[in-house]
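Chains as they are written, first to last, in the numbering used here: chain A, 106 to 368; chain B, 106 to 368; chain C, 106 to 368.
Just to be clear, a hint being listed does not mean it is correct.
Okay, the calculated bits of chain A under chain C, using three or more residues with CB under 8 Å as the criterion [said to hold, decoys possible]:
hint : region
1    : 150-158
2    : 165-175
3    : 311-319
4    : 333-346
5    : 349-362
Computed cross-link-like contacts, SDA-like style, restricted to lysine to any residue with a CA-CA straight-line distance of at most 25 Å [said to hold, decoys possible]:
hint : chain 1 : residue 1 : chain 2 : residue 2
6    : C       : Lys-186   : B       : Gly-202
7    : B       : Lys-188   : A       : Asn-260
8    : A       : Lys-185   : B       : Ser-153
9    : A       : Lys-186   : A       : Asn-260
10   : C       : Lys-188   : B       : Pro-205
11   : A       : Lys-186   : C       : Asn-208
12   : B       : Lys-186   : A       : Lys-336
13   : B       : Lys-336   : C       : Gln-358
14   : B       : Lys-185   : B       : Ile-161
15   : A       : Lys-336   : C       : Ala-334
16   : C       : Lys-117   : B       : Lys-185
17   : B       : Lys-185   : A       : Glu-174
18   : A       : Lys-117   : C       : Asn-208
19   : A       : Lys-336   : C       : Met-290
20   : B       : Lys-185   : A       : Gly-202
21   : C       : Lys-185   : B       : Gly-270
22   : C       : Lys-185   : B       : Pro-205
23   : B       : Lys-336   : C       : Asn-208
24   : B       : Lys-117   : A       : Lys-186
25   : A       : Lys-115   : C       : Ala-292
26   : A       : Lys-336   : C       : Lys-185
Just the calculated beta-carbon pair ranges, DEER-fashion [what the hints assert, rightly or not]:
hint : chain 1 : residue 1 : chain 2 : residue 2 : range
27   : B       : Glu-357   : A       : Ser-248   : 33 to 41 Å
28   : A       : Glu-191   : C       : Asn-355   : 49 to 57 Å
29   : A       : Ile-161   : C       : Asn-355   : 41 to 49 Å
30   : C       : Gly-218   : B       : Ala-108   : 57 to 65 Å
31   : C       : Met-190   : A       : Gln-209   : 53 to 61 Å
32   : C       : Lys-285   : A       : Glu-191   : 52 to 60 Å
33   : B       : Met-190   : A       : Glu-271   : 29 to 37 Å
34   : A       : Pro-356   : B       : Glu-357   : 40 to 48 Å
35   : A       : Phe-367   : C       : Gln-213   : 50 to 58 Å
36   : A       : Lys-362   : C       : Met-190   : 51 to 59 Å
37   : C       : Asn-355   : B       : Gly-218   : 29 to 37 Å
38   : B       : Thr-212   : A       : Asp-314   : 54 to 62 Å
39   : C       : Ser-160   : A       : Glu-191   : 21 to 29 Å
FYI, nobody ran anything at the bench for these hints, they're computed from the structure. A virtual CB, placed ideally from N, CA and C, is assigned to each residue, including glycine.
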Amino acid sequence: MEAITNAFKKVKEQSPLVQSITNYVVMNNTANALLSLGASPIMAHARSEMEDMVSIISALVVNIGTLDEYWVESMLAAAKKAKSMEKPFVLDPVGAGATPYRNQTLTQLIQIGPSIIRGNASEIMSLASVNIQSKGVDSSNTSDEALDAGKRLSNETGAVVCISGEVDYVILRDKVGKIKNGNPMMAKVTGMGCTASAIVGAFAAVEKDLFTATMAAMAVMGVAGDLAAEKAEGPGTLQLHFYDALYQLNPEQLAEKAIVEFQ
Amino acid sequence: MEAITNAFKKVKEQSPLVQSITNYVVMNNTANALLSLGASPIMAHARSEMEDMVSIISALVVNIGTLDEYWVESMLAAAKKAKSMEKPFVLDPVGAGATPYRNQTLTQLIQIGPSIIRGNASEIMSLASVNIQSKGVDSSNTSDEALDAGKRLSNETGAVVCISGEVDYVILRDKVGKIKNGNPMMAKVTGMGCTASAIVGAFAAVEKDLFTATMAAMAVMGVAGDLAAEKAEGPGTLQLHFYDALYQLNPEQLAEKAIVEFQ
Amino acid sequence: MEAITNAFKKVKEQSPLVQSITNYVVMNNTANALLSLGASPIMAHARSEMEDMVSIISALVVNIGTLDEYWVESMLAAAKKAKSMEKPFVLDPVGAGATPYRNQTLTQLIQIGPSIIRGNASEIMSLASVNIQSKGVDSSNTSDEALDAGKRLSNETGAVVCISGEVDYVILRDKVGKIKNGNPMMAKVTGMGCTASAIVGAFAAVEKDLFTATMAAMAVMGVAGDLAAEKAEGPGTLQLHFYDALYQLNPEQLAEKAIVEFQ
Chain A
106 MEAITNAFKK VKEQSPLVQS ITNYVVMNNT ANALLSLGAS PIMAHARSEM EDMVSIISAL
166 VVNIGTLDEY WVESMLAAAK KAKSMEKPFV LDPVGAGATP YRNQTLTQLI QIGPSIIRGN
226 ASEIMSLASV NIQSKGVDSS NTSDEALDAG KRLSNETGAV VCISGEVDYV ILRDKVGKIK
286 NGNPMMAKVT GMGCTASAIV GAFAAVEKDL FTATMAAMAV MGVAGDLAAE KAEGPGTLQL
346 HFYDALYQLN PEQLAEKAIV EFQ
Chain B
106 MEAITNAFKK VKEQSPLVQS ITNYVVMNNT ANALLSLGAS PIMAHARSEM EDMVSIISAL
166 VVNIGTLDEY WVESMLAAAK KAKSMEKPFV LDPVGAGATP YRNQTLTQLI QIGPSIIRGN
226 ASEIMSLASV NIQSKGVDSS NTSDEALDAG KRLSNETGAV VCISGEVDYV ILRDKVGKIK
286 NGNPMMAKVT GMGCTASAIV GAFAAVEKDL FTATMAAMAV MGVAGDLAAE KAEGPGTLQL
346 HFYDALYQLN PEQLAEKAIV EFQ
Chain C
106 MEAITNAFKK VKEQSPLVQS ITNYVVMNNT ANALLSLGAS PIMAHARSEM EDMVSIISAL
166 VVNIGTLDEY WVESMLAAAK KAKSMEKPFV LDPVGAGATP YRNQTLTQLI QIGPSIIRGN
226 ASEIMSLASV NIQSKGVDSS NTSDEALDAG KRLSNETGAV VCISGEVDYV ILRDKVGKIK
286 NGNPMMAKVT GMGCTASAIV GAFAAVEKDL FTATMAAMAV MGVAGDLAAE KAEGPGTLQL
346 HFYDALYQLN PEQLAEKAIV EFQ
């Protein structure tokens with residue numbers, strides 16, 4: 106837990122510059138979440154400035170939610186630049202499996218080598234099945250199946266894989282951490298997953314141990330969600346209390362409220 | 106009224122997947138409104154995935170608010186695919202009449218054959234005057250003029266036409282329904298009309314009688330707006346209480362509070 | 106102060122149509138702020154309608170936050186059309202100095218001749234150093250340096266220059282006004298600067314004296330921010346109370362609460 110609160114302190118102290126190439130739906134949310142957390146968001150996608158922009162940032166988050174041909178070129182250029190400069194590159198595979206175009210784009214991005222991949226269970230399972238030679242279904246239930254897909258994806262890519270849901274799983278090869286915070290109503294606010302990926306980016310910018318960075322980010326998401334849900338009457342009030350909670354959260358509260366396990 | 110509450114129950118039970126090709130300003134709002142209602146939003150506009158995406162959805166909503174040449178190609182491709190698969194296609198003609206480019210685009214979209222067209226009075230009157238041989242002004246006041254334009258537009262296109270305003274009109278040829286819910290402060294929140302169109306899409310996805318679907322959607326909008334206005338001090342608080350109200354609304358409340366008339 | 110409250114009354118009475126070509130992150134915010142204020146927002150960026158759209162508006166706001174090659178062409182076309190029709194053109198140079206591409210784009214936009222330029226201190230200093238032959242650092246501290254850069258930029262371009270921050274400066278050549286309202290928490294809500302630029306556009310649309318228009322806009326921003334901060338627990342609640350405050354604000358309150366100085 107100390108590693109988690111230390112990472113949180115570093116985000117507050119260093120206010121890292123995090124570039125998101127993300128979808129139109131959530132740009133406002135994720136910028137507000139990063140600001141409330143104490144990080145500095147920048148959104149930029151022009152091919153004419155991709156390499157220059159990546160040069161000045163501390164972490165890159167790529168989210169394919171509303172991808173198109175132009176944006177994909179910029180995503181690929183930014184990811185390559187981030188890798189060449191050894192900056193963290195977080196991938197959010199929104200809608201993996203929904204269309205062949207999304208799958209092809211994700212395969213290209215995964216070949217560049219994301220540092221961290223965060224998605225929901227169905228996205229991670231889709232990524233694993235498209236990008237890894239299938240070994241057949243060897244799990245007894247959906248949750249195990251997702252966890253198994255996450256392990257295979259992490260082993261294949263070397264990336265930390267995060268599966269968010271009722272319980273969040275953070276996986277590095279065979280190491281697994283769990284975060285049990287968060288409220289089901291968060292799924293009724295658009296872009297909460299995308300916000301999680303942006304926050305993962307902020308932590309990866311300041312904490313070199315990317316497993317710890319991801320655990321800390323998801324713990325902060327979950328605890329802020331818990332605090333917000335106590336005050337909310339529905340998804341509308343939840344969203345704004347979530348930003349307030351992120352803004353007010355301190356390391357002691359985080360240590361007290363985070364429910365973290367390792368297996 | 107029972108038809109309306111039944112349609113509402115079906116949205117909650119089936120959680121239909123609704124694709125919006127909509128404007129940048131309101132994407133976040135409309136996604137949140139659909140989630141609060143119990144539907145599943147997806148935003149996608151890449152030409153490389155239009156046909157594949159339309160194949161997996163239950164309704165398509167096209168909103169031209171921030172159109173450009175690329176997006177219009179995708180709108181046309183998606184609309185054609187939806188028609189070929191007999192899926193509902195809702196058109197929101199934002200800014201009809203403002204520029205020749207909007208008028209030309211709307212003419213192309215109307216030729217594909219929208220199932221439902223929802224706009225404000227000036228947009229519907231503009232659509233009718235551009236796309237239908239004018240019969241001269243045969244109305245004594247603006248409201249009658251809009252209603253007359255709506256009837257002509259419905260007769261010409263076969264679509265259900267919805268004119269939203271202080272009173273919402275739903276028109277299928279010569280059949281007219283009215284919804285008298287809603288609060289004037291809703292006009293001070295951006296994208297409330299666009300949100301109405303998205304909700305119409307969710308109802309059209311589950312209710313084959315598109316006149317009933319549109320009546321039900323506008324009743325839900327209006328009642329949620331009434332409930333939100335009771336708690337709001339201005340447009341900022343109205344918006345979030347609107348999502349909360351959509352989330353909390355149940356069929357009994359809807360039946361009790363909806364003010365629906367037929368003429 | 107009377108000039109400021111008069112300008113505010115004119116915005117409420119005339120509800121000017123303000124076109125924003127702005128970034129994806131803040132489109133929703135700025136539209137909501139303009140509506141709450143009593144103005145009419147329109148967002149449009151298609152090259153196919155730029156000249157037609159600019160023909161019907163009362164002011165143009167160009168914000169380069171998420172620029173790309175297509176959008177820059179539209180920005181340039183719209184700015185030229187606005188100048189040719191002698192309509193106010195407000196420039197928000199988001200991220201000036203971050204990349205060469207942003208600097209080149211800003212140089213092109215400045216050559217067209219913005220009526221008003223609003224940015225933060227680092228953006229205005231970057232603009233001045235790129236676009237004006239440097240005279241060396243002749244200031245004793247950062248704040249003086251920014252003010253000096255603002256004066257040089259105003260003298261060189263003829264534009265009113267606004268530097269927003271803890272104190273907002275409004276500069277026309279050697280004339281300087283200050284607004285001391287506003288709350289530090291506003292910096293934790295994304296797009297508050299962009300919102301300020303949009304509101305400047307609304308005032309420039311109705312008040313020919315652009316120095317007064319900019320002073321009035323920044324006073325309204327600051328006072329609404331003060332009122333919102335009294336009720337807010339964090340950036341989430343601040344944002345919605347800000348819209349409510351803009352909506353409720355009347356000329357008497359503005360006159361009472363605005364802290365305005367001239368030097």
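Here's how the hints hold up against the structure:
no., hint, verdict
1, 150-158, "holds (count 7)"
2, 165-175, "violated (count 1)"
3, 311-319, "violated (count 0)"
4, 333-346, "holds (count 3)"
5, 349-362, "holds (count 5)"
6, C:Lys-186 <-> B:Gly-202, "holds, 20 Å"
7, B:Lys-188 <-> A:Asn-260, "violated, 44 Å"
8, A:Lys-185 <-> B:Ser-153, "holds, 23 Å"
9, A:Lys-186 <-> A:Asn-260, "holds, 23 Å"
10, C:Lys-188 <-> B:Pro-205, "holds, 22 Å"
11, A:Lys-186 <-> C:Asn-208, "holds, 21 Å"
12, B:Lys-186 <-> A:Lys-336, "violated, 44 Å"
13, B:Lys-336 <-> C:Gln-358, "holds, 23 Å"
14, B:Lys-185 <-> B:Ile-161, "holds, 15 Å"
15, A:Lys-336 <-> C:Ala-334, "holds, 19 Å"
16, C:Lys-117 <-> B:Lys-185, "violated, 43 Å"
17, B:Lys-185 <-> A:Glu-174, "holds, 21 Å"
18, A:Lys-117 <-> C:Asn-208, "violated, 30 Å"
19, A:Lys-336 <-> C:Met-290, "holds, 21 Å"
20, B:Lys-185 <-> A:Gly-202, "holds, 23 Å"
21, C:Lys-185 <-> B:Gly-270, "violated, 36 Å"
22, C:Lys-185 <-> B:Pro-205, "holds, 20 Å"
23, B:Lys-336 <-> C:Asn-208, "violated, 46 Å"
24, B:Lys-117 <-> A:Lys-186, "violated, 45 Å"
25, A:Lys-115 <-> C:Ala-292, "holds, 20 Å"
26, A:Lys-336 <-> C:Lys-185, "violated, 50 Å"
27, B:Glu-357 <-> A:Ser-248: 33 to 41 Å, "holds, 36 Å"
28, A:Glu-191 <-> C:Asn-355: 49 to 57 Å, "holds, 56 Å"
29, A:Ile-161 <-> C:Asn-355: 41 to 49 Å, "holds, 44 Å"
30, C:Gly-218 <-> B:Ala-108: 57 to 65 Å, "holds, 59 Å"
31, C:Met-190 <-> A:Gln-209: 53 to 61 Å, "violated, 46 Å"
32, C:Lys-285 <-> A:Glu-191: 52 to 60 Å, "violated, 45 Å"
33, B:Met-190 <-> A:Glu-271: 29 to 37 Å, "holds, 34 Å"
34, A:Pro-356 <-> B:Glu-357: 40 to 48 Å, "holds, 46 Å"
35, A:Phe-367 <-> C:Gln-213: 50 to 58 Å, "holds, 55 Å"
36, A:Lys-362 <-> C:Met-190: 51 to 59 Å, "holds, 58 Å"
37, C:Asn-355 <-> B:Gly-218: 29 to 37 Å, "violated, 49 Å"
38, B:Thr-212 <-> A:Asp-314: 54 to 62 Å, "holds, 59 Å"
39, C:Ser-160 <-> A:Glu-191: 21 to 29 Å, "violated, 51 Å"
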